[in-house]
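Enquirer: Below are the chains, spelled out letter by letter.
2 protein chains.
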Amino acid sequence: MAEQTYDVIVIGAGPTGENVADRAIKGGLTAVIVESELVGGECSYWACMPSKALLRPADVVAEAAAVRGVTGARLNPAEVLARRDDFAHGWKDDAQVGWLDSAKIDLVRGHGRIAGERRVQVGDLTLHARQAVVIATGTRAVVPDSLSPVNPWTSREATSAHAVPGRLVIVGGGVVGCEMAAAWSALCAEVTLICRGRLLDRLPEFAGEIVAAGLKDAGVDVRVGVDVTRATRDGDHGAVTVELTDGTKVEGDEVLSAVGRSPHTADIGLETVGLAPASWLDVDDTMRVAGVDGGWLYAAGDVNHLALLTHMGKYQARVCGDAIAARARGQEPAVRDRSSKTNVPQVVFTIPEVAAVGLTAAQAEAAGRRVRTVEYELGHVAGAKLFADDYRGHAQLVVDEDRRTVVGMTLAGHGVGEIIHSATIAIAGEVTLDQLWHAVPSYPTISEIWLRLLETYGL
Amino acid sequence: MAEQTYDVIVIGAGPTGENVADRAIKGGLTAVIVESELVGGECSYWACMPSKALLRPADVVAEAAAVRGVTGARLNPAEVLARRDDFAHGWKDDAQVGWLDSAKIDLVRGHGRIAGERRVQVGDLTLHARQAVVIATGTRAVVPDSLSPVNPWTSREATSAHAVPGRLVIVGGGVVGCEMAAAWSALCAEVTLICRGRLLDRLPEFAGEIVAAGLKDAGVDVRVGVDVTRATRDGDHGAVTVELTDGTKVEGDEVLSAVGRSPHTADIGLETVGLAPASWLDVDDTMRVAGVDGGWLYAAGDVNHLALLTHMGKYQARVCGDAIAARARGQEPAVRDRSSKTNVPQVVFTIPEVAAVGLTAAQAEAAGRRVRTVEYELGHVAGAKLFADDYRGHAQLVVDEDRRTVVGMTLAGHGVGEIIHSATIAIAGEVTLDQLWHAVPSYPTISEIWLRLLETYGL
Chain W
672 MAEQTYDVIV
682 IGAGPTGENV
692 ADRAIKGGLT
702 AVIVESELVG
712 GECSYWACMP
722 SKALLRPADV
732 VAEAAAVRGV
742 TGARLNPAEV
752 LARRDDFAHG
762 WKDDAQVGWL
772 DSAKIDLVRG
782 HGRIAGERRV
792 QVGDLTLHAR
802 QAVVIATGTR
812 AVVPDSLSPV
822 NPWTSREATS
832 AHAVPGRLVI
842 VGGGVVGCEM
852 AAAWSALCAE
862 VTLICRGRLL
872 DRLPEFAGEI
882 VAAGLKDAGV
892 DVRVGVDVTR
902 ATRDGDHGAV
912 TVELTDGTKV
922 EGDEVLSAVG
932 RSPHTADIGL
942 ETVGLAPASW
952 LDVDDTMRVA
962 GVDGGWLYAA
972 GDVNHLALLT
982 HMGKYQARVC
992 GDAIAARARG
1002 QEPAVRDRSS
1012 KTNVPQVVFT
1022 IPEVAAVGLT
1032 AAQAEAAGRR
1042 VRTVEYELGH
1052 VAGAKLFADD
1062 YRGHAQLVVD
1072 EDRRTVVGMT
1082 LAGHGVGEII
1092 HSATIAIAGE
1102 VTLDQLWHAV
1112 PSYPTISEIW
1122 LRLLETYGL
Chain L
672 MAEQTYDVIV
682 IGAGPTGENV
692 ADRAIKGGLT
702 AVIVESELVG
712 GECSYWACMP
722 SKALLRPADV
732 VAEAAAVRGV
742 TGARLNPAEV
752 LARRDDFAHG
762 WKDDAQVGWL
772 DSAKIDLVRG
782 HGRIAGERRV
792 QVGDLTLHAR
802 QAVVIATGTR
812 AVVPDSLSPV
822 NPWTSREATS
832 AHAVPGRLVI
842 VGGGVVGCEM
852 AAAWSALCAE
862 VTLICRGRLL
872 DRLPEFAGEI
882 VAAGLKDAGV
892 DVRVGVDVTR
902 ATRDGDHGAV
912 TVELTDGTKV
922 EGDEVLSAVG
932 RSPHTADIGL
942 ETVGLAPASW
952 LDVDDTMRVA
962 GVDGGWLYAA
972 GDVNHLALLT
982 HMGKYQARVC
992 GDAIAARARG
1002 QEPAVRDRSS
1012 KTNVPQVVFT
1022 IPEVAAVGLT
1032 AAQAEAAGRR
1042 VRTVEYELGH
1052 VAGAKLFADD
1062 YRGHAQLVVD
1072 EDRRTVVGMT
1082 LAGHGVGEII
1092 HSATIAIAGE
1102 VTLDQLWHAV
1112 PSYPTISEIW
1122 LRLLETYGL
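Protein chains in written order, with the working numbering: chain W, 672 to 1130; chain L, 672 to 1130.
Just so you know, these hints were derived from the structure itself, not from any lab.
Remember, it's a predicted structure, so these values are computed and weren't measured experimentally.
Among the clues, some could well be false.
Same chains, same label: a pair holds when it works inside one copy or across any pair of copies.
Distance condition first, Cα-Cα at most 20 Å in a straight line; then the derived SDA-like pairs of lysine to any residue [claimed, not checked]: (1) Lys1012 - Asp953; (2) Lys887 - Glu876; (3) Lys697 - Asp1105; (4) Lys775 - Gly1129; (5) Lys1012 - Gly1039.
Given the sequences, and given the hints that come with them, work out the whole structure.
Expert: Shown next as structure tokens:
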């Protein structure tokens, strides 16, 4: 039984785990990462990178089709898949391992399980942590009982498949469902999207409506307000028949289950430290797990359920790694998480895109804030008209009426993905509307939506 | 001799003049605009709108060519010109006149000249202003002596030409020169760009270098460090030969003079109120012209030389119209210009784009601020790699070291035009780096450059 001791042990080598270890080492500590799959995690191989590598070509083609004077743009599906393969590094993690080396982070391959206080077991190897153990194991796709008999695709297969299915049935109208519907329909799959409620139901209604319209334009059969009752497959690899609550049936060559995520915590030894296996992990604003004596256990990224997004995981990782390093020096952490609950940006890379940050009006009111919502048609902004003919889009700003600050913003339309960071900064800086009045957007950009929203507010 | 009296007389119906009148009317005053050409001004017919209508199709085609998996995108020049015609409303101002009507702004067509205090003469009509006269006449293109014998294109012809010249020689490497080189080369003109110094010389050097590389990729013959000594034309409409300071000659079917702007103030009666004709007009932070007794004369937009950009003219117009309305009520203006000198954003719609705001390090140091410059390769950001293969770009952040705030930012690369507003807001809100650390950019967007710059700074 080999034993090794580090200041920090991180379980999970996704972007979150990598960043925790990196910040800890930059803070003067030693760190090891334990990983049972590929270094780089879900984001690099089965989520952000491959999905955006698939979607960007489709997005360009859609934009080209929306600009008079441009002709002939089309996708070459094999080349799009090859581009995706490149961005996923052929599902090999050599480059990421090289980065770990350069960052002086040790790597142990294998399944890490907590084995009591400050101890992690990886096969025969026992790792001891002087300072902290950090859980950064992320999540896995939930497959509902109705779909499990047909062995459906999850986000993993949907982002890594090497052939375009003739007919793809997607169950779930959240981000994964909508993005994959956009990607595979662009690659000429016949896509049916099934959604229990409305599309993108955590965002203001117009966002899902604009995405639905875009998907329909792309030929997707969007069915909202229905759920799956049963699914059957013809043999092991044959067609799938999906039966719906409205009594109809949909047939597909593949079916994608995109109904949600569960934490990767079932088999990581949580029970050895008094925590419930398979649970999401509650953390404080330094990512320290609640209810563990000695305060040595941390959880960053999706596994703490605060904000299931790569960039928020990386943000929490910076907070977490810095906090561990500060505490190792006997100091209180100088920087604590203040964004994971109130200033979470998200871009949905559908065609067109949706970008949102902060709280919706309902969330802000639930938090006791007196808010006002301001709306404006994005297509009335000169920069949007120039960007795409017959531009269809919408913008919503939520304002805290007492502080005169921005609480949230949602944008839907072509090319909005890079605009949302302006709102994220406005929220983080508690910039007032009166200050924003002096932040002049360039003409003619889509960002001029800021001026229109402020004018509509009454400035 | 007819006479009419208004609270406010605006000379010039470009976006600036329109917005001054609109704000004055919203403040309870009456207003008239005097315009000798088209309502809507340079921006609508011979600048922003037609130039961006020409450039956007070229931009999409360039982006498509930079994304593996997309094939076949190309321009149809006749359709691009038709798109441009639509955006310029066929050089008819009916739509803008309709907007004036809806905003209750009166219009007098003709050449307006100031005729002493609070008086403007338009042909036989004498207009009297109870509160203010506002000069919003903008600028015209400068044609250097070396080019005037050949009757060159200016920005007007370059944005409104109805046929693609076979060979186009562009003199001037500023925004107009670079944008028009990008536009016309994409439309298959053989373009030579002649620049006395370096391209985009008011911006950090890398911006011009990246634009030059883009132009060269597009087939433009970029010649920097040379000037025109003489130009001759073969007959009235024949080829132009341009002789350069390095002894070489360039031949073109057309030549565009893009060497600068002069104020449209030569013949507007400035001498009747003690001001020098043909001069730029000095204004205070409410756009009131210095040195005019009674404080009734204002100048907003390009004509005051603060920031020759449509969006800054509109901003000044809001400040100006509101100030006039406030003073009419006997109040001090609540909102004064605080952006025209230190927080001016600009997007150069070349291929790739450049976007900049605020001060360069040299400008900030000249203003007595202790600054630090942070640099990062945009192409190393995941969002940029996904946006365009082999992404070439660069970012620079200028930080005030005493206040720990952003002073300026410059970005060059595909798709950066919508990112710059985030920096404009950071400057306007005096958001500190420590607050910016909590403004998390979405992954994988190009906006993640913010994280990389802050990390590089040392956060």
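Enquirer: Work down the list of hints and note, for each, if the structure agrees.
Expert: Taking the hints in turn, this is what the structure says about them:
When the C-alpha separation of Lys1012 and Asp953 is checked against a cutoff of 20 Å, the pair qualifies only within one copy, where the shortest distance is 13 Å, while the shortest distance between copies is 48 Å. Taking the shortest alpha-carbon separations for Lys887 and Glu876, only the intra-copy value of 17 Å comes in at or below 20 Å, while the best inter-copy value is 46 Å. Taking the closest pair of Cα atoms, Lys697 and Asp1105 come within 20 Å of each other only across two copies (18 Å); inside a single copy the shortest separation is 40 Å, beyond that limit. In this assembly of identical chains, the alpha carbons of Lys775 and Gly1129 lie at most 20 Å apart only when taken from different copies (19 Å versus 54 Å within one copy).
For the identical chains of this complex, Lys1012 and Gly1039 are intra-copy neighbours only, at 14 Å inside a copy versus 40 Å across copies, given an alpha-carbon limit of 20 Å.
This entry satisfies every hint, going by the numbered hints stated previously.
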